[in-house]
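S.K.: Single-letter residue listing:
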Amino acid sequence: MTNDALLFGLSGVLSSSAPILFGVLGETINEKAGVSNLAMNGMILLSAMGGFAASLATGSLGLGFLAGAAIGAAVALVVAFASITLKQSQVAVGYVLAMLCRDLAYFLGNPIMGMPGPRLTLSPIPGLSSIPVFGTLLFRHDVVTYSSFLLIFLSWFYMERTKPGIMLKGLGENPRAAYVRGANVNRLRYLYTIAGGAIAGLAGPIYSLSVKAGWKGTISGLDGIGWIILSITIFGGWRPFRAAIGAYFFSLLQWMGLVLQPLMPNVPSQVLQVAPFPLMILTLLLVNIGNAEWVERSLSHLPESVRRDIAKVLTALNATPPAALGQPFEKDE
Amino acid sequence: MLDDRKTRILFGSGSVLVALALTTAIVAATGNNPLQAYANIIQGATGSPNVAANVLVSWVPLALATAGLLFTFTGGLWNIGIEGQITLGAIFCTWALRSLQNTALSPGAIIAVAVAAGMLGGMLWALLAGALKTFGGVNEIFGGLGLNFVATALNLWLIFGPWKRPGVASMSGTLPFEPELWMPTISVQSRLAPVPLVLAALALVTAFILLRGSHFGLRLKAVGKNPRAAYLLGIPTWQHMLLSFALCGAFAGLAGAVQVSAVYHRLIPSISSGYGYTGLMVAMLVNYSPVFAGPVALFFAALGVGSIQLPIVLKLDSSLAGVIQGFLVLFVLMGNGLRLKLLRRKRGTL
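Same order as they appear, the protein sequences are chains A and B. Under the numbering used here, think of the first position of the first sequence as 1, with each following residue one higher. Under the numbering used here, think of the first position of the second sequence as 334, with each following residue one higher.
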């Protein structure tokens, strides 16, 4: 492979990570507030279809993205209402919505299937884009890819460096303490769930208007990505930078699957496309196994020096979810 | 008052009405006649003995999946990996049929061994998800989903690789087995085989007996409600979780084996056909009750089969079946939540 092709491929990895980043960081926000939105997979399909349809009808890309965010927010509102107000299991509601929104997307998207439509064009940044190597890699993208870079920093800054961000952490870790501090826990949870849903909802139009432009129904190749996004959120340990590493790593693996394809003519293409999934299980195993009791027990039998090294690796990999994730909050308990 | 039978039925039917109203509105919004669409679905599911038989053919894997899921749900587990467990059941069944087809064994014995192999395959795949959950701390939803994709890849690799048709491999699956290795159907033209029907009914009865009338069911329920408390009460917690995975996997594997030996007579790429995912919806809709699982699975199967003709007759996508199913489960879930909320409020004021 030539250097140019490699550079071009890596640049593609960055842009195809954009929707994943929006999904993962949106989900990270609502999970930090204590609400997990398992509807992701269907929600992205519905917002991809809806965003494409809106921009097809109006001719405006902006309205397409807006529609995607609105769909994400609406689905998140249902999750919030069912889990916060009606105290139903977040997993149950999320799963049903994941299935329902997927079928809604296929049903409603039927008339616009395969239609040519608007798509986002590249906006190379003048000056910066002509820097060798880095110019191609970082500064020859479309607006959504640049936004995805920004989103990583913004969400980190908000969560770690601002006062409301600290309160957000409290909502998921210790809602009672947040309540004592004067936070209206359930109202804030509503707010963050809807905000997270709107951000994640943008992932849909990012696909249908940029990364995989158009709507092709069941062969759009988007079914499944929402579940990947949810597992990257776990891998990311609810920290924006780590989540970003997960998203880029996943896209890199997918790209490598495509590149390696011609080298392995006997392996059907579908097999290489799923190669990231066993790795996903493996990474989830690595980030969670430190929490298992038997690991601690067997580690205690090892010599001190070895034990300390292994423990260090496990701690570095380990990710602990917000303590009150999935639990309803009642102030008068 | 809000907890009595009458109110439950009232809220339940109210939820169903809301779900139907919303579906109707959505179909109307696409510029189609909702009544015509419903009539088409009903016609497509009951219009001829042939389509009615197809509904039963589709009920078998759905009922088997739902029966299995009742165990994992009782144990407090979300076995989304069931889709892969069905696939592995189909793969193991195909493998057994392929290895035994040229031996001296009688066709009946070969089919029996192959079905048992399918159950084993589903069980092993489920235990993998269970072990990841109990020993590795990997949430069963994500472990299961990952394993689903792996199962699909394994299936495709077999169809396009080692088990490909002589000549060229294709998406239409492996070479069909000889007709004597097909499970016997009620008549030559029909796809409906009586043995799988009986097996699915037996699976539901087994689930009912074990969950409602056995010590095991009671302990599993305790584990599902509160694993920590169950553990302190001396119930072997992780063993019960793994056992529920194994049972669910065996039923799912049976469903896969039936699809291979009685329906398709070969291994095809989408052998699990989403029955596992739909089974999760059925189990949720019946609130994990083994009594209603059978009839509701039949209704869902009828929706699925009935909507197949929609794209041809009305230019509507067949995913309308999934839309109806999704709205039903969503609103029944929310209706129940609303009822309990009103109940809590009422008790609070007393």
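No lab work stands behind these hints: they were computed from the structure. It should be emphasised that the depicted structure is a prediction, and the values quoted were computed from it without experimental measurement. Every residue gets a Cβ at the ideal spot worked out from N, C-alpha and C, and that includes glycine. Heads up, some of the hints might be wrong.
Calculated from the model, a selection of chain A residues having no Cβ within reach of chain B, i.e. all distances over 10 Å [stated by the list, open to error]:
{"no.": "1", "residue": "Asp103"}
{"no.": "2", "residue": "Phe134"}
{"no.": "3", "residue": "Gly217"}
{"no.": "4", "residue": "Phe277"}
A short, non-exhaustive set of chain B residues, derived as facing chain A with CB atoms under 10 Å [what the hints assert, rightly or not]:
{"no.": "5", "residue": "Ile568"}
{"no.": "6", "residue": "Val646"}
{"no.": "7", "residue": "Phe660"}
S.K.: None of the hints should be skipped; say for each whether it holds.
M.R.: To see whether the hints hold, each was checked on the structure:
no., hint, in the structure
1, Asp103, "violated, 3 Å"
2, Phe134, "holds, 35 Å"
3, Gly217, "violated, 8 Å"
4, Phe277, "violated, 4 Å"
5, Ile568, "violated, 17 Å"
6, Val646, "violated, 14 Å"
7, Phe660, "holds, 7 Å"
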